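Chemist: Each protein sequence line maps, in turn, to chains A and B.
The numbering used here puts the first residue of the first sequence at 1, with every later residue one more than the last.
The numbering used here puts the first residue of the second sequence at 1, with every later residue one more than the last.
Keep in mind that a hint or two might mislead.
The calculated EDC-like cross-link candidates involving lysine to aspartate or glutamate, where the alpha carbons are at most 16 Å apart (straight line), are [claimed, not checked]:
#1 LYS204/A with ASP87/B
#2 LYS86/B with ASP211/B
#3 LYS259/B with GLU191/B
#4 LYS204/A with GLU112/B
#5 LYS231/B with ASP39/B
#6 LYS259/B with ASP235/B
#7 LYS216/A with ASP211/B
#8 LYS129/B with ASP144/B
#9 LYS86/B with ASP117/B
Here are the simulated distance ranges between beta carbons [claimed, not checked]:
#10 ALA27/B with SER210/A: 27 to 33 Å
#11 GLY60/A with THR135/B: 52 to 58 Å
#12 GLU99/A with GLY141/B: 57 to 63 Å
#13 ASP144/B with ALA124/A: 34 to 40 Å
#14 ALA51/A with LEU121/B: 47 to 53 Å
#15 ALA179/B with ALA277/A: 48 to 54 Å
#16 GLU147/A with GLU186/B: 52 to 58 Å
#17 GLY118/B with LEU290/A: 35 to 41 Å
Just so you know, these hints were derived from the structure itself, not from any lab.
Given the structure is predicted, the values throughout are model-derived calculations rather than measurements.
For every residue, glycine included, the Cβ atom is placed at its ideal position computed from N, Cα and C.
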Amino acid sequence: MSATLTKPRRPAGASAAGAAPAVGQGTPPGKPATAALASVTGAVADAAFRAGSWLWKATGILAFLALWEFGPLYLAAPSTRVFLPPLHEVLLAWGRLFESGAIQGHLAASLSRSVLGFGIAVVAGVSLGLLIAWYGRLNSVLNPLLELFRNTAALALLPVFTLLLGIGEESKVTIVAYAAFFPVLLNTIAGVKTVDPLLIRAAKSLGLNSPRLFQKVILPSAVPTIFTGIRMAGTASILVLIAAEMVGAKAGLGYLIVNAQSSFLIPDMYAGILTVALLGLGVNFLLVALERHFSRWRTAVGA
Amino acid sequence: MMTAKISLRNVSKQFTVRPGRKPGGTATTLTAVDSLSLDVRDGEFLTLVGPSGSGKTTLLDLLAGLSTPTSGEVLVDGQPVTGPGKDRAVVFQQYALFPWRTASANVSIGLEGKGPDGRKLSRRERAAKAREYLTLVGLAGFEDRFPHELSGGMKQRVAIARSLAYEPDVLLMDEPFAALDAQTREQLQEELLRIWRATGKTIVFITHGIDEAVYLGQRVAVLSARPGRLKAIVDVEIPDRDGDEDIRSAPAFVEQRHKVWTLLHDEVRLAQDAGHRKILPDGAVQDEPGPEEPANRTPQGSPESQERSAA
Ligand SMILES: Nc1ncnc2c1ncn2[C@@H]1O[C@H](COP(=O)(O)OP(=O)(O)O)[C@@H](O)[C@H]1O
Ligand SMILES: [Mg+2]
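Can you make the complete structure from the sequences, with help from the hints?
Modeler: Next up, the structure:
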């Protein structure tokens, strides 16, 4: 059990190495000496293996960073060089922005908007999704409508939100919520609908009534799919927020990027882009970990 | 039969089969079980054999209260079955364990509501009960395992423990060992007999293995090919059944098995012919699973393989 439970807790990158430590941890407690030895050798082998695989994975990133550092100097034409500052200039700009507290301010603005919008979307998406999936009639009424809305690019509605809610926080939080809502909603519906009918039969034969069937079988079995929706929503909310901040805002990473561009502070612009990239990476990492945690029972189902 | 635990009286079950996707198709009715009457004594071990598609699972659903008969009556303890109840438990071929629950939590799910005395068991009481029943099926120490960490045989043991845990009178089993390898199957058959002797449950056990039916059952009910009717009931009389001898090679066993085999033989051939009619002329598949029906609705095991298992 330790093997399967520890595996998902590992960061995404190390999952390939997950089998190695399991040898150590999975040893039965009967023979402490050999068990300890096994876990030591296991850990060493694992560390080496992991270091190797990390090195391998880092190669691509390192190559890209090197290209960023030296490319502008040796490869770019002089006219474009000014728009492509080498990495160290961008990092210096980032350091200055950090020292002045500007980057933290913009990050906080962006984060609070996306967290709020995302939170609203998750709560609304999950509860409405459960309702729709549970009441079939509701589904047939709402489905065409949902299909229409979900295929309308969220950003196309930005002008509408801006007109109705102004250029302040409300319109940005709303558009984030809107964009994040659909992945959560649709995955919740799908999760409930794809519950194994055999499990429902089994639960009924065990005497579970409708509310308990929902609580004890349908909901838990839908949770992994719901979390997939939540992860997608996290990505969508950052994507849409940055774009919205670029169009009309006085703070936020999107604002930082366009503002730096129009003020011709090109390294600052790249510092903003770098921050957005790292933010996206961090959010995705967090949500993937969460998703794995909640779907760990799904590993090897049917095997 | 004075002490009938389960009584089927003229039970028929028909399904409306949806027309094909092509326009102009009309809905047809399919009779899965046709005026079947059968009594099961209290504490009896009854096995039920029949060709694939002869309505065995349909019959079990009726007994479990998962569906209602089109006509006729299903009685348990003289009372009509109106739905699933704590007096009956079902064991499915595909285990049907809840994969997000540990073995212990799977076993105790039926105990989470109010018990027959209107009292709710505490978490600790439920865990103790789960441990007790997991021990009964030989899985002591596996309480915290998740289903995906267990072998097929262990999963089915958990499923059996789960169905026993809330102490039903009747155990309904739908080809529970069909997916297991021969050795595990034999082992579980023996343990089931041991549990049956120890607990005195009434067991209705569906199988398509003739050996299994004769080995386990006190009586073997043979169903005809679709529509399922009761073709015959064979009383299995094997002297010295509880002895240490390998009863499968005892002359009495061979004789009984041959009897069941002969009864089933014609039916299997009939089912085989009928099999061609399962695809309707408009291309619709009759055996399309409905919303409540799991994949096992499609007939498992060709008639040939049944004949082979009989040979
Ligand atoms: N829900 C359903 N809708 C339509 N036909 C069904 C349904 N359930 C079972 N059937 C049909 O009834 C017949 C008997 O099925 P079943 O009871 O599963 O057979 P068995 O378990 O003996 O193999 C089959 O032809 C099957 O296709
Ligand atoms: Mg069946």
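Chemist: Checking against the hints above, which ones are violated?
Modeler: Going through the list in order, the structure violates hints 2, 3, 7 and respects the others.
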